[in-house]
Amino acid sequence: MNMVTNAAQSMKEDNGIIKISLTTESLAENDLSENRNASPGIFVKLSVQDNGSGIDPSVISHIFDPFYTTKDVGKGTGLGLSVVHGIVSSHCGLIKVNSMPNEGTTFDIFLPQSEMKASNLEASLTQAIPGNGNILFVDDEEVLRNIGQRTLSSLGYTVMVASSASEVIKIFEKDPEQFDLVITDLSMPKMNGVDLSKRLLEIRPEIPVILCSGHKGNITDQNIKDAGIRAVVMKPVTKAGLSKVVFDVLNLKGN
Amino acid sequence: MKTILIIDDEESIRTSLGLMFKREGFNVLTADDGKKGMALFNKNQVDLVITDIVMPEKEGIETILELKKLLPDIPIIAISGGGRLAPDGYLKTAEQLGANYTFKKPFEQDDLLSSVYEILKDIET
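Sequences listed follow chains A and B, in order. Letter by letter, the first sequence follows residues 571 to 825 of the numbering used here. Letter by letter, the second sequence follows residues -4 to 120 of the numbering used here.
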């Protein structure tokens, strides 16, 4: 949109043609000088071509600079092409521009072609790893317990929640083999997650425990190791992040 | 009481951060995409915005542009896990557009909290 708007603004009000095309093109190493993060391969090429006034050679090297504008005061922020450039670069793409005064301008945006169909993109974007097993999720905040339960259930796990260390210990003493994993918050009243982990390992030495925390505070890495905790997840926890740690711990990769 | 607007499509992020800021005495508004975030921003007195980048409906870069257009001095913190791609490019763009701080997920809540206090302290002095 930004590039088409620029193209329109470069032309006289009653006369002008803007051509937009989408093709694929193969780019080699020596085609990628505009972005060192780009890799050779097949790219989708979006071209926006106009027959407007063109860009003066003295200006063209600055057009992607933030806040650079040739428009009158109040008519443009100078951010449009800078933002376009930033977005394209962050996708490992590149922009090429060809322009001569009074001969129009062509912007070519190259973006790496995805090998995945659109229907697979959502799964790849979230990167959440499903799994199975029985998990005990412990947090003294009800709203976080609810989210933890929903998140882990959506990944395929069977989840029980508990609101305190004492509740967890009662559950464990009744049936130590019930769970495959315990995920506990660090900061809880009366007994924190580290001490809870030590207590659980006294009841069942091989039970994996994951600690969730917004801050470690006075807890050291040695404390965590001594408590037998397999992994620490920093809050705020993302679904993808939690799913990976849980999967790794349950599959004996967590440390 | 200062108001913080948190825009992120992940419920766990909105809730976890929201709880933290409420405990610290802030008023918290949340939205799960940029469009809803802008609607809340337009209806409320917001002192600071924390926004994710990759979101449905209206993503973070466009949201930051609109926020700065409406209120150039609004403090913004951009956060991103980047989706399928590395978040660095998105966060660099966010910085160019005026984000005061950027955080790559996963990050420690305490670090985000510190940056919020830094920003608010700078505004008051």
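No lab work stands behind these hints: they were computed from the structure. By construction, the Cβ of each residue, glycine as well, lies at the ideal position given by its N, Cα and C atoms. Some clues are possibly wrong.
[Said to hold, decoys possible] Which bits of chain B does chain A cover? Going by a derived footprint, with three or more residues having C-beta under 8 Å, they are:
1) 5 to 19
2) 83 to 90
3) 97 to 103
[Claimed, not checked] Okay, derived cross-link-like pairs now, PhoX-like style, lysine-lysine, Cα gap no bigger than 20 Å in a straight line:
4) B:K64 - B:K116
5) B:K17 - B:K87
6) B:K63 - B:K38
7) B:K99 - A:K814
8) B:K63 - A:K814
9) A:K666 - A:K615
Status of each hint after checking the structure:
no.	hint	result
1	5 to 19	holds (count 9)
2	83 to 90	holds (count 5)
3	97 to 103	holds (count 4)
4	B:K64 - B:K116	violated (23 Å)
5	B:K17 - B:K87	violated (29 Å)
6	B:K63 - B:K38	holds (16 Å)
7	B:K99 - A:K814	holds (17 Å)
8	B:K63 - A:K814	violated (36 Å)
9	A:K666 - A:K615	holds (10 Å)
Checked against the numbered hints given earlier, the structure breaks hints 4, 5 and 8 and satisfies all the rest.
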